[in-house]
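This is what each chain is made of:
Protein chains: 2
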Amino acid sequence: MACTSIQFLRRIMKHRSQSHLQPWNLFNKFRNRVLLGAFLLLVVSMEVTESRFLVKSLPGLPGDLPFTLETGYIGVGKSNEVQLFYYFFESEGNPKADPLMIWLTGGPGCSALSGLLYEIGPFMIDYANSTLEKPMLQINPHSWTKVANIIFLDQPAGSGFSYAKTPEAYITNDTLSTMQVYHFLRKWLLEHPKFLNNPLYFGSDSYGGIVVPMIVQEIYNGNEVGEGLHINIKGYVLGNPSTDASVDYNSKIPFAHRMGFLSDAIYKSTKENCHGEYLNVHPNNSLCKHYLQVVEKCLERIRKAHILEPFCDTLNTLKSDLFSRGLRSLDKTSMDIWSLSQLQIQGCREDNYLYSYTWANRKDVREALNIHEEYEEIEWVRCNETLRSPNDHKKVLSYTHTVPSTVAYHRHLADRNCRALVYSGDHDMVVPYLGTLKWIESLNLLVVDDWRPWFVDEQVAGYTVKYSNHNYNLTFTTIKGGGHTAPEYKPKECFSMLKRWLANEDL
Amino acid sequence: MACTSIQFLRRIMKHRSQSHLQPWNLFNKFRNRVLLGAFLLLVVSMEVTESRFLVKSLPGLPGDLPFTLETGYIGVGKSNEVQLFYYFFESEGNPKADPLMIWLTGGPGCSALSGLLYEIGPFMIDYANSTLEKPMLQINPHSWTKVANIIFLDQPAGSGFSYAKTPEAYITNDTLSTMQVYHFLRKWLLEHPKFLNNPLYFGSDSYGGIVVPMIVQEIYNGNEVGEGLHINIKGYVLGNPSTDASVDYNSKIPFAHRMGFLSDAIYKSTKENCHGEYLNVHPNNSLCKHYLQVVEKCLERIRKAHILEPFCDTLNTLKSDLFSRGLRSLDKTSMDIWSLSQLQIQGCREDNYLYSYTWANRKDVREALNIHEEYEEIEWVRCNETLRSPNDHKKVLSYTHTVPSTVAYHRHLADRNCRALVYSGDHDMVVPYLGTLKWIESLNLLVVDDWRPWFVDEQVAGYTVKYSNHNYNLTFTTIKGGGHTAPEYKPKECFSMLKRWLANEDL
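Residue numbers (our numbering), protein chains in the order written: chain A, 12 to 518; chain B, 12 to 518.
In short, the hints are calculated from the structure, not lab data.
Mixed in with the good hints there might be a few duds.
Chain copies aren't distinguished; within one or between two, either way the pair holds.
Capping the alpha-carbon separation at 25 Å, the derived lysine-lysine pairs in DSS-like fashion look like this [what the hints assert, rightly or not]:
(1) K308 to K503
(2) K477 to K89
(3) K477 to K308
(4) K477 to K279
(5) K315 to K279
(6) K245 to K157
(7) K263 to K279
(8) K315 to K503
(9) K477 to K503
(10) K89 to K449
Please model the entire structure based on the sequences and the hints provided.
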């Protein structure tokens with residue numbers, strides 16, 4: 012989906028490239044917290060009430076919604092120049108008692124709708140009855156909203172329907188976006204005081220592994236210094252989380268070896284010549300470079316997000332062409348419809364994502380979600396590549412990766428009264444479970460429930476191990492046969508995992 | 012399917028248990044070969060012509076067969092007391108030039124029809140249009156018979172439709188069954204002289220890894236000593252082959268570790284305490300035994316034949332009950348039909364095999380295949396467990412495992428003018444590819460084409476490495492995502508593999 016969003020963002024970001032990356036200083040000054048807290052309270056009372064909108068029905072889903080959905084924008088920043096869009100689903104179980112969860116989709120730059128529609132939300136594409144022109148929806152029987160109130164948040168600005176009022180306000184980084192989410196949460200809770208006492212969890216997968224531990228720590232810190240609003244934070248849930256750039260990256264080659272893609276000989280030579288370091292290779296180490304090329308040859312046509320699924324060249328000419336013209340024009344010209352019906356669905360998982368583009372860019376959908384008229388310039392893309400691609404220096408990037416590792420955050424949280432659930436689809440090569448296990452083990456926690464299988468419908472759903480440190484505990488589990496975004500591949504198993512974990516049961 | 016065949020075999024083998032295991036001596040006396048050859052020639056001219064039968068149509072497949080199928084019995088042994096049944100498909104390509112392949116299904120004791128129907132034959136179950144009462148067939152677009160003439164052979168006696176005329180003649184072992192197949196082949200070729208010049212390959216998977224290398228070596232030996240009939244043997248094809256009881260078994264635990272079912276800690280402790288030997292554990296090694304129990308706990312509900320597919324308790328009460336009454340009675344009583352329609356198909360791969368029971372035990376199918384009236388007592392079972400279960404000493408066994416390793420046979424063949432293709436579904440834990448690679452590497456062959464991916468439809472179909480020694484070459488490949496009987500899981504990929512290999516092309 013790269014070109015789609017790149018071309019779009021290039022368009023809207025033309026003038027942005029003139030300005031330098033200057034993170035908004037206020038958000039970096041942690042010592043100003045108390046002052047900021049007071050300021051935010053003022054802001055809340057002034058304007059946020061008008062942003063809440065109760066969604067009664069959605070195009071593609073017949074009848075009234077069988078769950079409670081609220082959408083809205085909450086402004087953060089000095090002048091609320093960063094407008095963060097959210098979808099809030101009340102729990103279909105017991106909204107008063109069930110936990111509140113804030114779910115961030117990774118990227119950075121992926122929209123909340125992606126996690127909602129393809130992973131854990133209460134509605135999903137009804138492929139059997141959909142056309143690309145008119146996607147239909149169906150109820151997800153394994154929605155996490157059955158056991159939790161969930162806020163799906165588009166963040167940072169430039170993701171999903173979130174936007175900034177000034178070009179400069181699009182510019183962000185790990186720390187700044189963390190603070191923005193923190194402030195979003197405080198405002199949201201003030202707007203929704205009835206959820207103030209619900210146990211609160213943050214959740215995410217993939218790049219969420221960077222921002223979520225930072226946000227959770229920020230909340231604990233905030234509670235400790237007493238910023239006026241006590242947040243009932245209980246813990247966090249992370250799936251195949253990016254955690255440590257070096258550990259995660261260096262786990263890919265051992266993982267590929269274990270999965271049978273590299274011979275023992277190739278693996279041994281690569282490991283020995285590169286000294287196990289495949290990310291930062293010394294420029295003079297030509298043997299290492301040679302073996303990395305051999306490895307690359309073995310892996311280049313493996314689908315990284317699920318190694319057994321077909322590798323698909325996601326953007327063929329037609330798709331690229333279609334999306335470069337802008338999907339929002341679908342409502343306006345017949346020529347685009349003609350192109351759309353030419354679009355081949357080839358049986359690649361990535362093709363599924365096309366439905367989200369056409370659905371989210373329809374005028375009636377935007378009206379139903381209450382995306383305001385003034386923001387109609389926002390073309391929805393599933394993942395905004397301009398935000399997240401760190402390696403192409405020709406691109407104007409609005410996101411700077413400032414935190415290469417969040418292991419230290421996990422370590423700090425391990426001294427709090429906190430619960431963590433870390434799960435890994437075991438067929439994912441984007442963030443292999445091997446690396447995740449490695450940094451978890453580096454925390455030197457006590458194993459309180461040793462490695463064992465757990466079951467759903469009497470089938471092995473994965474393997475779990477539980478660690479503890481005083482009032483902290485961390486449950487790690489693989490999702491057997493799962494890919495990078497595990498609930499997308501194993502919805503039933505992941506739902507059972509969450510339900511049991513939230514209920515303090517063993518997996 | 013254990014109980015089914017056990018109960019049936021128990022019935023027909025009641026008196027067999029009275030006799031001691033006395034391998035038929037003639038087959039063990041290799042020095043009598045020339046004499047035997049002359050005898051066989053006599054036998055052939057006397058009786059085999061009448062056993063050939065051209066099958067024009069098959070119940071479940073509308074119209075005349077779109078391929079040439081001959082079935083028949085060939086007797087081997089002093090008085091032809093072992094009657095081996097075969098299905099012979101002429102190549103749908105160029106029967107005159109295409110190779111001739113003899114395909115044995117493993118077990119020992121699995122029927123040729125299993126490999127034919129579920130792996131590589133030209134027809135397969137049409138699940139969409141089948142009921143258990145009336146299975147329908149469809150054409151297999153990836154049949155190996157598109158590029159080879161294939162004899163599917165029921166062997167040894169007690170497998171599929173093959174039988175023995177005396178209880179004693181059911182008793183066999185690796186060496187004896189090898190010789191029986193060898194003699195079958197000689198007789199068959201004498202009956203079908205037009206295929207004498209076609210390149211000949213033996214093929215099998217699973218337990219075929221024991222008998223095929225033995226048979227192939229027997230053929231080379233026979234050609235060398237000049238037994239009157241020169242057999243145009245060119246090589247062999249083996250899938251996830253049982254080769255060395257120790258190497259194969261000991262590869263299961265490292266494989267389970269690599270696939271994420273055992274933690275590094277459990278694997279390390281098990282390996283260290285058992286010294287890598289998990290099959291023959293010293294009775295006093297209680298630490299090893301302890302860790303093997305931990306390992307067993309992790310793996311007991313993993314489907315060994317494909318680790319990502321559901322683990323199914325194959326014989327629920329209903330199935331057991333149904334099959335214990337004997338499927339052949341289906342033609343006779345309505346009560347059995349009633350039971351059959353009660354039978355749940357639960358979405359387990361093993362359930363697919365039920366269709367083969369009902370199909371092969373129908374009277375019209377047996378008539379179409381020309382299973383003679385006098386043999387109607389034969390109840391067809393997919394795999395005759397009485398033959399192959401070596402560990403239950405309470406059972407009367409008719410098969411003695413006399414050859415625990417065929418590595419030496421591969422080593423001998425590596426000095427002949429011979430080609431070998433060894434493939435391994437990489438998600439199989441019955442005979443993991445790790446063990447297969449281990450014994451291949453112990454042959455100390457020269458690597459002539461190093462480990463690399465190969466492709467079908469631009470997707471990685473597996474990883475291959477080619478070894479050579481003078482006029483011998485061995486191609487090893489994984490079948491990515493494949494299980495124990497790889498063509499059952501990855502038919503297109505396995506067909507491409509065979510086609511390219513037979514044409515002397517690189518994979």
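Consistency of the hints with the structure:
Taking the shortest Cα distances, K308 and K503 sit within 25 Å of each other only across copies (23 Å), while inside one copy they are farther apart (35 Å). For a Cα distance limit of 25 Å, the shortest separation of K477 from K89 qualifies neither inside one copy, at 42 Å, nor across copies, at 66 Å. For a Cα distance limit of 25 Å, the shortest separation of K477 from K308 across copies, 17 Å, qualifies, whereas the shortest one inside one copy, 37 Å, does not. Taking the shortest alpha-carbon separations for K477 and K279, only the inter-copy value of 19 Å comes in at or below 25 Å, while the best intra-copy value is 32 Å.
Only within a single protomer do K315 and K279 lie at most 25 Å apart by alpha-carbon distance; the minimum there is 22 Å, versus 28 Å between protomers. In the homo-oligomer, the alpha carbons of K245 and K157 lie at most 25 Å apart inside one protomer (19 Å), although the nearest pairing across protomers, at 62 Å, exceeds that limit. In this homomeric assembly, K263 and K279 come within 25 Å of each other (Cα to Cα) both inside a single copy, at 14 Å, and across copies, at 21 Å. Proximity of K315 and K503 under a CA criterion of 25 Å is satisfied in both settings, with 22 Å inside one chain copy and 22 Å between copies.
For the homomeric pair K477 and K503, the shortest alpha-carbon distance inside one copy (21 Å) is at most 25 Å, but the shortest distance between copies (42 Å) is not. With identical chains, the CA atoms of K89 and K449 are never at most 25 Å apart, being 40 Å at best within one copy and 65 Å at best between copies.
Hints 2 and 10 from the earlier list are contradicted by this structure; the remaining hints agree with it.
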